[in-house]
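**Q** Protein chains in written order, with my numbering: chain E, 1 to 629; chain P, 1 to 400; chain L, 1 to 263.
Hints may contain errors.
Claimed, not checked - Simulated pairs of lysine-lysine, DSSO-like, Cα-Cα distance not exceeding 27 Å: (1) P:K117 with P:K352; (2) P:K247 with E:K263; (3) L:K58 with E:K503; (4) P:K365 with P:K138; (5) P:K138 with E:K379; (6) E:K379 with P:K365; (7) L:K198 with E:K503; (8) P:K365 with E:K130; (9) P:K247 with P:K352; (10) P:K185 with E:K263; (11) E:K130 with P:K206; (12) P:K369 with E:K379; (13) E:K379 with P:K372; (14) P:K369 with E:K130; (15) P:K266 with E:K379; (16) P:K352 with E:K130; (17) E:K503 with L:K112; (18) E:K130 with P:K138; (19) E:K130 with P:K266.
It should be emphasised that the hints constitute simulated quantities derived from the structure, not laboratory data.
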Amino acid sequence: MAFYVVQFLTGLASAASLFLVASGLSIIFGVTRIVNFAHGAFYMIGAYVAFTLTERLSGAFGFWGAIVIAAFAVALIGVLVEMVLLRRIYHAPELFQLLATFGLTLMVEDLVVLIWGPDDLVGRRAPGFKGAIDFFGQNIPSYDLFLIVLGPVVLGILWLLFQRTRWGVLVRAATQDRDMVAALGVNQKWLFTSVFAVGVFLAALGGALQIPRDAVHHAMDLRIIVEVFVVVVIGGLGSIIGAFVAAVLVSELNAFGILIFPKISIILVFLVMAAVLIVRPWGLFGRPEAPARKTPGLTVNPWRPLTSNERLASLAAFVIAATLPLFAGNYALTVGSEIAIFVIFAVSLHFLMSVGGLASFGHAAYFGLGAYGVAFLAKMAGLPMIVCLLLGPLLGCMGAAVFGFFAVQLSGVYFAMLTLAFAQIVWSIAFQWVSVTGGDNGILGVWPSSWAASPSHFYWLALGVAALVTIALRAMVFSPFGYALRATRDSLLRSEAVGINAKRIQWTAFVIAGTTAGIGGALFAYLKGSVFPDNLGISLSVDALVMVLLGGVETVSGAVIGAIVYKALNIWLVSQTDLSKLVLGGFIVLIVVVFPKGIVGMLEMLAQRRRKTSPPGSPLLAKPIESAE
Amino acid sequence: MRAKNYFVGAAFALLASGMAHSALAQEIKIGEINSYSLLPAFTEPYRKGWQLAVEEINAAGGINGKKLIVVSKDDGGKPADAQTAANELVSSEGVAMLTGTFLSNIGLAVSDFANQKKVFFLAAEPLTDAVTWSKGNKYTFRLRPSNYMQAAMLVEAASKLPAKRWATIAPNYEYGQSAVAVFKKLMSEKRPDIQWVDEQWPPQGKIDAGPVVQAVAAANPEAILNVTFGADLVKLVREGNTRGLFKGREVVSFLTGEPEYLDPLKEETPEGWIVTGYPWYSIKTPEHDAFLKAYQAKYNDYPRLGSIVGYQTIKSAAAILAKAGSTDPEKLIAAAEGLSMPSPFGEITFRKIDHQSTLGAYVGKTALKDGKGVMVDSSYKKGADYLPSDAEVEKLRPKD
Amino acid sequence: MSVAPPLLAVEGLTKSYGGVHAVRGVSFSLRAGEILALIGPNGAGKSTCFDMLNGQNKPDTGHVRLLGEDTTGRKPREIWRMGVGRTFQITATFATMTVRENVQVALISHGKQLYNLWGSAPNFDRGEAGRLLELVGMGGYADRPCGELAYGDLKRLELAVALANQPKLLLMDEPTAGMAPRERVDLMRLTAQIAREKSIGVLFTEHDMDVVFEHADRIIVLNRGTLIAEGSPAEVRGNPQVQAVYLGEGLLYDAQHREGASA
């Protein structure tokens, strides 16, 4: 019996650190609607700064003082980031802030190694909480007890802050209705900055408090960020209580789950999230999101098919690309093939995200399923390459059909997180089912048949498929189905009122996007000759998001450019420098600030401005005159 | 699709960077790939090791008079990126062979690439037995003692312990799984009387140490096998110390004696664990002394195991290239098979039967000395003594 | 009494939330070509009633019949397919699409081409889209992005969209809310004209009594969930109960006083 009590308390202690970080993320999201990918980075910096300070300052006061100073110092960094970077992009398309914070995260991962060195750092134990307390023969670390108390205390302080101060009232109001608070004449800028500071403070505090238990190292951020997102979503976005309950739920399920299924930890949180979201689409304590009021005039660049000149230009570009094998070496061709494959992957996500308004955080699942489909067919059934290429993507299609059905019942961030959960579930199956998938050692020897084996032939194959896919998806944007899909994105209410079964349209789009991603994955398997769980992983899903956002989420074909720029740059940087993350992150941050509509979005805007300056009376300017007729 | 213009631009950029090579006849290039950005704690000392080797080789006149150049690439911890890097090294840089890699899945990916493209590959670090056995191929050789060998070394010591009730804690991926499987198999062969009472599989890098320690303690084992390393190990040791998990229990642990993993533990270092590792401070052989002196003189730092691996990888590659007198892969294979050479750990041989080197490891016990973790009572275990019989190896390895 | 069923027949609609009756036993009917206004003070149950007609909400008891066919509990999109067009109190349009595309979406849906992946949507029924836009006076705006239209134009666009499936019945929730007085008159005049020409029944809710009394053929009045009056504008105007609800006791007294004085 004592064992179960202690196991429960141990779970609570794990929950406390999770809650600290999650509450900060939840507050930031609730008010600013920023999906703060850098939250884990702030957590990590908190731990590093606290490590340095606790090594310098001696004694009990030194230790605890260092923890608090570290949290404040990192909060200041947070303020700086908010003011310099995020403020510029609040009005950018949704999720663009994700791109900015992703860039920051990349930079921080390299920066901490440059500053603090590559070794794992192990800090001091907390003065006064070094030992353990005996509980009927079981030891409970006293630091765990401290954390168990700290969790509810922080919850209480936050509750008081939100219920009893004017600032808290404003924050709560803003969580429910941002526009309303803006309309009330509250200085939104400083509200956002202060909220961001509080959130970052909590993250850094959570990191600093790990000093006595953990090693400080440069991958701490990734270890926690996804889990924290999951906790926030399970609890309900913006709900502090929800974050607390979810943290406890997840930690206790893990603490007791491993007694029965020791391998459960790897997937537990995602199973819980998927279950919760299917039953309660807004998390345990969340409320249905009020549909965001679209700022009129934000996206007023109507999509149109290419003019015949543009078609010729595209064809010319394609022909030029197709001549690459005449003068480029094998390496350049292989890189070209890889880029072409990522173009397929990116345009498939773009179709779902830009045309359908459904931003998937787990799109790699279908890419990877396509790759595994090929690997199964080639290695187990021994089918020829062409058959594998045709049938392999069907695994992606089937995955998308099953998961998409549940995912499209949700929208916004909840949709994103459910897709993430599904992707992680697929990933862990690939990772765990060693007898079938080879586990993390993957499936090897999936090499192309002789007709496609040479780099130039494979390049032409990849380029041709990429062009076909891009053309097909572009045609779909301007097909009746594409119009219907855009209609469901713009207004669910109106689309239902003109007889459109929105969920089924979105589901169809999900399956189309998943199958297309599967085509990319199938080619990828042959390009690399092997398949690994990485092909389904979070970082690949994030790569796809970054490509779409970089190209411009509001454009028809921005993803093509986004994929080419991001992938080429990535490959080149990784090849040239060990600090590729720092440079790439810096580049992304720069792009975000300079091109808040993405690369293609910016080009279009420039082109439009040029058009507008020549003929007088642009639609926008002419409008008031005509309506006053 | 103005897209395509950028495409071509990007291709040109890549092309230009690739053209820089134009291998001079007076140079021999080796391609090297490792997870520099993902695992700097291991790969930084590793890099220092191979840089030292390059310097020594060129100071001694290079390889058959040609200057040795190592072109190094980061794989970011991703098999797919490792293959891109391998491709660049082979296609653009024109390297004579590939070396390196740390993670098992990356080692396997590059090995498969080497097999497909018919390139010689000397795997430095990946531990999985598959590299030389179940997924072994003719182009791939490996330097470090494999999972099986390290398990066999540990079993030798562990089987002498009186403990009958054993629990295991291992990271939930191939390395952890196969380490546990081999250890269990070899252990049960020697000690049919032991029982396996619990196993814990925390996700790699994400151990929730408190509940894991509690769960193991609840099974009340007499001895524990640990396979976790890095930050997971730190958390496990700290929780275990606080909760008294290791009190009165024997612990056998993979790799924990390597400075990379032992040094961060500082005063938390548990005493009396049976570990494999690298006690650079207590190795007194002329070969190692020479290496240690050169390393400390160059870097003003002590070597980690990664330094040894990096150093010996390039030394081995150079020896193979020198013997082959050519960069033809077939000749390199012929030269490497059965080739013996000196190393800081004494003479090693690349076996013809499975391309595994006989580099060994040190087995000893952990101890706390002046607030730092050290290995004591250590002795060198020659790799050759811990490999299965040739007949068994024949069965494990696919026919080329 | 005619043998053919009325266009819309509502019978005993009831809906309660947690014991509070939002709508209680409401019955009425509507003929083709007739313009019927549903009015009542705030909280009278207009919106609840309206939502039960268009499928947004399910009644606890009661039935809604369209040309004799029961539509109770059907989804909005199914009701639309039966020939019911609708507009919203706060306009709901496809903001990133052009005015023509908005209409085309409805035409695509009407033509059951929603899952057509290969056709050309920009050329889909362009003529009909143009005619509908001309009909509501939006012909010159076809290529404008919907997101930059003035509010009154959005309302007219919604009307065009609502007409795309050649509806038998139009449901208009506060059609003139948020519009300038002149625009209101224009829009309702247009609606009435179209309804009569095409013999479409129109049911609308409205706050602006000038609009109601000028354009409705008939008016039904809800208060606290029950139907308290029904009749021509003149009848409803003269109904003391309606006056009481709308004008409050004091004003009712005023009205009686004035009547008394004139007597």
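**Q** K247 (chain P) and K352 (chain P): Cα distance at most 27 Å?
**A** violated, 45 Å
**Q** Can you confirm whether the C-alpha distance between K369 (chain P) and K130 (chain E) stays at or below 27 Å?
**A** Measuring from Cα to Cα gives roughly 20 Å; hence the hint holds.
**Q** Quick one, are K266 (chain P) and K379 (chain E) close enough, alpha carbons at most 27 Å?
**A** violated, 48 Å
**Q** Take the C-alpha atoms of K503 (chain E) and K112 (chain L), compute the straight-line distance between them, and say whether it is at most 27 Å.
**A** holds, 16 Å
**Q** Can the restraint linking K379 (chain E) and K365 (chain P) be considered satisfied, given a maximum Cα separation of 27 Å?
**A** violated, 45 Å
**Q** Taken at face value, is the distance from the CA of K266 (chain P) to the CA of K130 (chain E) at most 27 Å?
**A** With a Cα-Cα distance of about 15 Å, the restraint between K130 (chain E) and K266 (chain P) holds, given a limit of 27 Å.
**Q** Decide if the proposed pair is consistent with the structure: K185 (chain P) and K263 (chain E), CA atoms, cutoff 27 Å inclusive.
**A** holds, 20 Å
**Q** Is K247 (chain P) within 27 Å of K263 (chain E), Cα to Cα?
**A** holds, 26 Å
**Q** Starting from K369 (chain P), check that the Cα of K379 (chain E) is at most 27 Å away, please.
**A** violated, 53 Å
**Q** Regarding the pair K130 (chain E) and K138 (chain P), is the alpha-carbon distance no greater than 27 Å?
**A** violated, 54 Å
**Q** For a C-alpha distance cap of 27 Å, please report whether K365 (chain P) and K138 (chain P) respect it.
**A** violated, 37 Å
**Q** Just to be careful, I want the Cα atoms of K58 (chain L) and K503 (chain E) compared with a cutoff of 27 Å; is the pair within it?
**A** holds, 20 Å
Hint check: violations occur at hints 4, 6, 7, 9, 12, 13, 15, 16, 18; the rest are consistent with the structure.
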